[in-house]
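**Q** Use the sequences and the hints to build the structure in full.
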Amino acid sequence: MAMRVRDHIGLSFANLWKRKLRTCLTAFGVTIGIGALVSMVSFGKGMQKNVTESFRSLDLFNSLTVFSEDFFTGERFDPDRRPAQPLPSGASRAVLDDAALEKIAALKGVDTVFPDVRIPAIVRFNGKDEFRLVQVIPAKVTSSRMLRFSAGKGYASDEEDSLIISDSLLRQFGVQEPQALLGKKMVISSIGFDFSRLNPANLTAALGGERLPFTTEDTELTIVGVAESQAFAGPIPIQSDVFIPPGVSKRMKKLPFSNIWDLFRAREGRLGYSAINVRLSSPAFVEPVKKEVAGMGLRVFALADQFKEVQKGFLILNMVLAAVGMIAIVVASLGIVNTMVMSILERYSEIGIMKAVGASDRDVRRIFFFESSVIGFIGGVFGFALGWAVSGVINRVVNYFLAKQGVPYIAYFSFPVWLALGAIAFSVAVSLAAGVYPAMRAARVDPVRALRHD
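The sequence shown begins at 0 in numbering that gives the first Met the number 0 and counts up by one.
Be a bit skeptical, because a hint or two may be false.
[Stated by the list, open to error] Taking lysine-lysine pairs in the DSS-like style, the calculated list, with each CA pair at most 27 Å apart, reads:
| no. | residue 1 | residue 2 |
| --- | --- | --- |
| 1 | Lys17 | Lys354 |
| 2 | Lys152 | Lys139 |
| 3 | Lys252 | Lys183 |
| 4 | Lys127 | Lys184 |
| 5 | Lys290 | Lys307 |
| 6 | Lys127 | Lys249 |
| 7 | Lys139 | Lys102 |
| 8 | Lys48 | Lys311 |
| 9 | Lys127 | Lys403 |
| 10 | Lys311 | Lys127 |
| 11 | Lys289 | Lys44 |
| 12 | Lys307 | Lys107 |
| 13 | Lys139 | Lys107 |
| 14 | Lys139 | Lys249 |
| 15 | Lys183 | Lys290 |
| 16 | Lys307 | Lys44 |
| 17 | Lys127 | Lys183 |
| 18 | Lys289 | Lys307 |
| 19 | Lys307 | Lys48 |
| 20 | Lys252 | Lys311 |
| 21 | Lys107 | Lys289 |
| 22 | Lys152 | Lys403 |
| 23 | Lys311 | Lys289 |
| 24 | Lys184 | Lys252 |
| 25 | Lys102 | Lys249 |
| 26 | Lys102 | Lys354 |
| 27 | Lys290 | Lys139 |
| 28 | Lys311 | Lys290 |
| 29 | Lys252 | Lys139 |
| 30 | Lys102 | Lys289 |
| 31 | Lys107 | Lys290 |
| 32 | Lys19 | Lys354 |
| 33 | Lys152 | Lys183 |
| 34 | Lys249 | Lys152 |
| 35 | Lys152 | Lys184 |
| 36 | Lys311 | Lys44 |
| 37 | Lys107 | Lys127 |
| 38 | Lys289 | Lys139 |
| 39 | Lys249 | Lys184 |
| 40 | Lys403 | Lys183 |
The hints are simulated quantities; they were obtained by calculation from the structure and are not laboratory data.
A quick note: this is a predicted structure, and the numbers were derived from the prediction, not measured.
**A** Here it is in structure tokens:
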């Protein structure tokens with residue numbers, strides 16, 4: 000009579016219990032392998048989750064950056080790396096001026112449009128000076144999700160004599176508590192250019208560094224908000240340590256450029272803004288607005304498109320981390336093979352008796368498969384617990400040291416439900432695969448020879 004499943008399970012647990020130390024050591028090997036794999040994969044998923052949540056919380060999926068169609072921005076931001084095409088004679092390239100800004104603002108789905116204006120300036124506070132590119136953003140933007148505040152809020156109007164600083168700049172000035180900074184005065188010393196100092200009489204002194212053709216003008220503003228520092232680099236809409244309203248910017252004496260690209264554009268007579276930032280009411284408008292803006296002869300950079308490339312990068316990262324974790328799993332599977340083969344040698348006579356009383360080759364194979372799967376299940380459960388515990392300790396230690404530098408808490412590891420179930424299922428599957436050879440070998444045991452075996 001064929002053995003029932005209940006009989007297979009009972010015999011499997013009984014055999015493993017007889018050799019508790021060996022079973023525990025083998026399961027511990029699987030535990031370490033699964034723990035390493037879980038930690039690696041959870042780290043990759045945690046980083047991916049952080050980036051995705053940051054994109055969403057900052058409305059970056061709703062954001063576009065518009066550039067003029069010229070050689071420099073084409074080389075820097077065009078994904079195809081194509082230089083701008085020559086224009087027909089008499090034609091002119093589209094310019095990012097106030098007229099272009101109004102056209103873009105009138106498009107369906109556009110919520111906010113503002114030029115990318117950054118002013119080179121010296122920020123003075125608490126007896127210290129810091130050079131920064133001060134970004135000019137409208138009051139409406141400061142009240143959106145594009146800025147996250149540690150303390151305070153955005154300015155009320157575009158004419159208000161106030162500013163917003165980042166928490167990283169706050170620490171540079173030796174202030175640790177953002178709330179204590181609200182309402183205090185900060186001086187923005189904008190840098191201007193004095194062409195009179197370039198006359199022949201002053202040229203020698205200017206070249207010697209004695210009378211450089213630069214001037215400064217101090218503007219005292221009230222701190223109304225402390226924003227969290229952004230974790231991204233590149234052409235994202237909001238990226239600075241100091242933000243001021245457009246009205247304040249217009250009253251400042253300042254350089255007409257903030258980077259080398261502005262100088263090139265000015266030299267060639269291409270006036271207007273270097274870029275325009277566009278915030279949409281919904282990600283569904285990204286593609287339609289991109290087409291409309293491209294039809295105006297302008298280039299468009301969408302962070303939503305860039306995020307697709309980021310996802311590909313994380314996929315590769317997860318595969319590499321999983322491959323590293325798999326090394327420990329392979330070593331653990333060899334331990335399972337060794338344990339099962341040793342079990343066959345020790346139970347040679349027992350297998351012969353089972354076959355003599357009617358057990359089939361299939362029944363013997365099932366017993367060994369059940370033993371392997373039990374080891375895999377135990378190793379999978381404890382392996383996931385080990386990976387979760389170790390990752391938690393690492394996360395706490397890293398955040399402890401980062402907190403001293405004012406960096407907010409970050410969850411570097413993520414444990415979705417599918418990772419827990421997948422880890423246990425994978426552990427059982429690897430254990431079953433490792434048990435194939437021992438099970439087949441046990442099934443081939445000759446009962447006559449086994450009964451004669453001492």
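**Q** Against this structure, judge whether each hint is valid.
**A** These are the hints, each one checked on the structure:
1. Lys17 to Lys354: 21 Å, holds
2. Lys152 to Lys139: This hinted pair holds, its Cα atoms lying about 12 Å apart.
3. Lys252 to Lys183: The hint holds at about 23 Å.
4. Lys127 to Lys184: Holds. Lys127 to Lys184 sits at ~13 Å (cutoff 27 Å).
5. Lys290 to Lys307: 19 Å, holds
6. Lys127 to Lys249: 26 Å, holds
7. Lys139 to Lys102: Holds, at about 19 Å.
8. Lys48 to Lys311: Answer holds: Lys48 to Lys311 is near 14 Å, not above 27 Å.
9. Lys127 to Lys403: With a Cα-Cα distance of about 21 Å, the restraint between Lys127 and Lys403 holds, given a limit of 27 Å.
10. Lys311 to Lys127: 43 Å, violated
11. Lys289 to Lys44: 31 Å, violated
12. Lys307 to Lys107: 24 Å, holds
13. Lys139 to Lys107: 18 Å, holds
14. Lys139 to Lys249: 17 Å, holds
15. Lys183 to Lys290: 45 Å, violated
16. Lys307 to Lys44: 15 Å, holds
17. Lys127 to Lys183: Status holds; Cα separation ~15 Å.
18. Lys289 to Lys307: 16 Å, holds
19. Lys307 to Lys48: Cα-Cα ~14 Å, so holds.
20. Lys252 to Lys311: Violated - the C-alpha atoms of Lys311 and Lys252 are around 45 Å apart, more than 27 Å.
21. Lys107 to Lys289: Holds, at about 11 Å.
22. Lys152 to Lys403: 25 Å, holds
23. Lys311 to Lys289: 23 Å, holds
24. Lys184 to Lys252: 20 Å, holds
25. Lys102 to Lys249: Holds - the C-alpha atoms of Lys249 and Lys102 are around 22 Å apart, at most 27 Å.
26. Lys102 to Lys354: Distance ~87 Å between Lys102 and Lys354 Cα, so the pair is violated.
27. Lys290 to Lys139: Roughly 26 Å between the alpha carbons, so the hint for Lys290 and Lys139 holds.
28. Lys311 to Lys290: 25 Å, holds
29. Lys252 to Lys139: 24 Å, holds
30. Lys102 to Lys289: Holds. Lys102 to Lys289 sits at ~13 Å (cutoff 27 Å).
31. Lys107 to Lys290: 12 Å, holds
32. Lys19 to Lys354: 25 Å, holds
33. Lys152 to Lys183: Judged against 27 Å, a Cα distance of about 14 Å means the pair holds.
34. Lys249 to Lys152: Roughly 22 Å between the alpha carbons, so the hint for Lys249 and Lys152 holds.
35. Lys152 to Lys184: 16 Å, holds
36. Lys311 to Lys44: Judged against 27 Å, a Cα distance of about 13 Å means the pair holds.
37. Lys107 to Lys127: Distance of about 46 Å is beyond 27 Å: violated.
38. Lys289 to Lys139: At roughly 23 Å apart (the allowed maximum being 27 Å), Lys139 and Lys289 satisfy the hint.
39. Lys249 to Lys184: 20 Å, holds
40. Lys403 to Lys183: Cα-Cα ~24 Å, so holds.
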